[in-house]
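Participant: Protein sequence lines correspond, in order, to chains A and B. FYI, numbering that gives the first Met the number 0 numbers position 16 of the first sequence as 15, with every residue one higher than the one before it. FYI, numbering that gives the first Met the number 0 numbers position 91 of the second sequence as 90, with every residue one higher than the one before it.
One or more hints might be untrue.
Once the Cα atoms are required to be at most 30 angstroms apart in a straight line, the calculated DSSO-like pairs of lysine-lysine come out as [claimed, not checked]: (1) B/LYS158 - A/LYS67; (2) B/LYS3 - B/LYS30; (3) B/LYS113 - A/LYS67; (4) B/LYS28 - B/LYS138; (5) B/LYS162 - A/LYS62; (6) B/LYS165 - A/LYS62; (7) A/LYS67 - B/LYS138; (8) B/LYS30 - A/LYS67; (9) B/LYS113 - B/LYS165.
Now the stretches of chain B that chain A is said to cover, found in silico as 3 or more residues with beta-carbon under 8 angstroms [what the hints assert, rightly or not]: (10) 96 to 109; (11) 120 to 133.
Treat the hints as calculated values from the structure; they're not laboratory data. The beta-carbon is built from N, C-alpha and C at its ideal position, and this holds for glycine as well.
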Amino acid sequence: MTQEEFLIRLSEEVQLDRQLNVDEMLCDVPEWDSLAMLGALSVFDEIGASVEIDELENCQSIKDILQKAGFDA
Amino acid sequence: MTLKGFDITLTPLGIQEIEMVRNWRNSDKVKRYALNQEYITPEQQLNWFISLQEKEDEYFVIHVGDESVGLIWFNKRDETIETGFYIYDESRQNSLTPYKIVTLFHDYLFNQKKFAALTCKIMPDNPRAVRFNLSLGYKEIETFDTYKSYLLTYEDYKKADAKISKLLRNEKR
Numbered sequence: 000m001t002q003e004e005f006l007i008r009l010s011e012e013v014q015l016d017r018q019l020n021v022d023e024m025l026c027d028v029p030e031w032d033s034l035a036m037l038g039a040l041s042v043f044d045e046i047g048a049s050v051e052i053d054e055l056e057n058c059q060s061i062k063d064i065l066q067k068a069g070f071d072a
Numbered sequence: 000m001t002l003k004g005f006d007i008t009l010t011p012l013g014i015q016e017i018e019m020v021r022n023w024r025n026s027d028k029v030k031r032y033a034l035n036q037e038y039i040t041p042e043q044q045l046n047w048f049i050s051l052q053e054k055e056d057e058y059f060v061i062h063v064g065d066e067s068v069g070l071i072w073f074n075k076r077d078e079t080i081e082t083g084f085y086i087y088d089e090s091r092q093n094s095l096t097p098y099k100i101v102t103l104f105h106d107y108l109f110n111q112k113k114f115a116a117l118t119c120k121i122m123p124d125n126p127r128a129v130r131f132n133l134s135l136g137y138k139e140i141e142t143f144d145t146y147k148s149y150l151l152t153y154e155d156y157k158k159a160d161a162k163i164s165k166l167l168r169n170e171k172r
């Protein structure tokens, strides 16, 4: 999965009608709630990337999440 | 009955905690999503706690590690089980903590208490709660003036829980 595809899947899981972009801070995404966090875990699972829940919860930005997923964001 | 799972502990509400819970419940951030908007006095809180002894309702304080962060409960009215919870600590609300709490609680309700279905009531101006409960498998069943009613059957719980539990328990490889 490419970084672009990951962002598309993540946006779907968050139930956004737009695509998240790499420069966004999570605090600026009103829809970034516990469902979004679960959706992020789901996408990690899809691509076979593993992440500790604490690590994911400590992410402050989409870039942080991409880097946890193994992308050079 | 104390429930433990992940880093969550649910302990039965004790009399020493009712003042803490009363303060939580009277706070604007919790009260705004409650159907009863009235201020609760210490005497009312004590009377309510005493009345629980005569009912099958169960209330649990939610602990994350050593910190008390919220309250979760069910009320039993005839054969209807109505659930609810709130997390007072706002820093926990956008984390996976709500899913850990509810996963633990639903396991207790469905697999230990053997309830067949659960209901909950959500105010329409609480979209976060609607999204959350739909993801747990709840389905909207009825609309009233001030809230909508949702139902979670055992079958829908199993489907949603299979995915959620797997994700929450996925260890780093």
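Participant: For the pair supplied as a hint, A/LYS67 and B/LYS138, is the alpha-carbon distance within the 30 angstroms limit?
Facilitator: violated (34 angstroms)
Participant: Straight-line Cα separation of B/LYS165 and A/LYS62 no greater than 30 angstroms?
Facilitator: holds (25 angstroms)
Participant: Please verify whether B/LYS113 and A/LYS67 have alpha carbons no more than 30 angstroms apart.
Facilitator: Violated, at roughly 40 angstroms.
Participant: So if I understand the rule, the pair passes when the alpha-carbon distance is 30 angstroms or less; does B/LYS162 with A/LYS62 pass?
Facilitator: OK: B/LYS162 and A/LYS62 at ~26 angstroms, within 30 angstroms.
Participant: B/LYS30 and A/LYS67: Cα distance at most 30 angstroms?
Facilitator: violated (37 angstroms)
Participant: For the pair we were handed, B/LYS158 and A/LYS67, check the Cα-Cα distance against 30 angstroms.
Facilitator: holds (28 angstroms)
Participant: Three residues minimum, CB to CB under 8 angstroms: does the stretch 120 to 133 of chain B make the cut for coverage by chain A? Let me know.
Facilitator: holds (count 3)
Participant: Below or equal to 30 angstroms on CA atoms is what counts here, so check B/LYS3 against B/LYS30.
Facilitator: Holds, at roughly 27 angstroms.
Participant: Would you check the hint for B/LYS28 and B/LYS138, treating anything up to 30 angstroms between C-alpha atoms as holding?
Facilitator: Since the Cα atoms of B/LYS28 and B/LYS138 sit roughly 25 angstroms apart, the hinted pair holds (cutoff 30 angstroms).
Participant: Hey, B/LYS113 versus B/LYS165, does the alpha-carbon distance stay inside 30 angstroms?
Facilitator: Holds, because 22 angstroms separates the two Cα atoms, which is no more than 30 angstroms.
Participant: Holds or violated: the stretch 96 to 109 of chain B covered by chain A, criterion of 3 or more residues with Cβ-Cβ distance under 8 angstroms?
Facilitator: holds (count 3)
The structure fails to meet hints 3, 7 and 8 from the earlier list, while all remaining hints are met.
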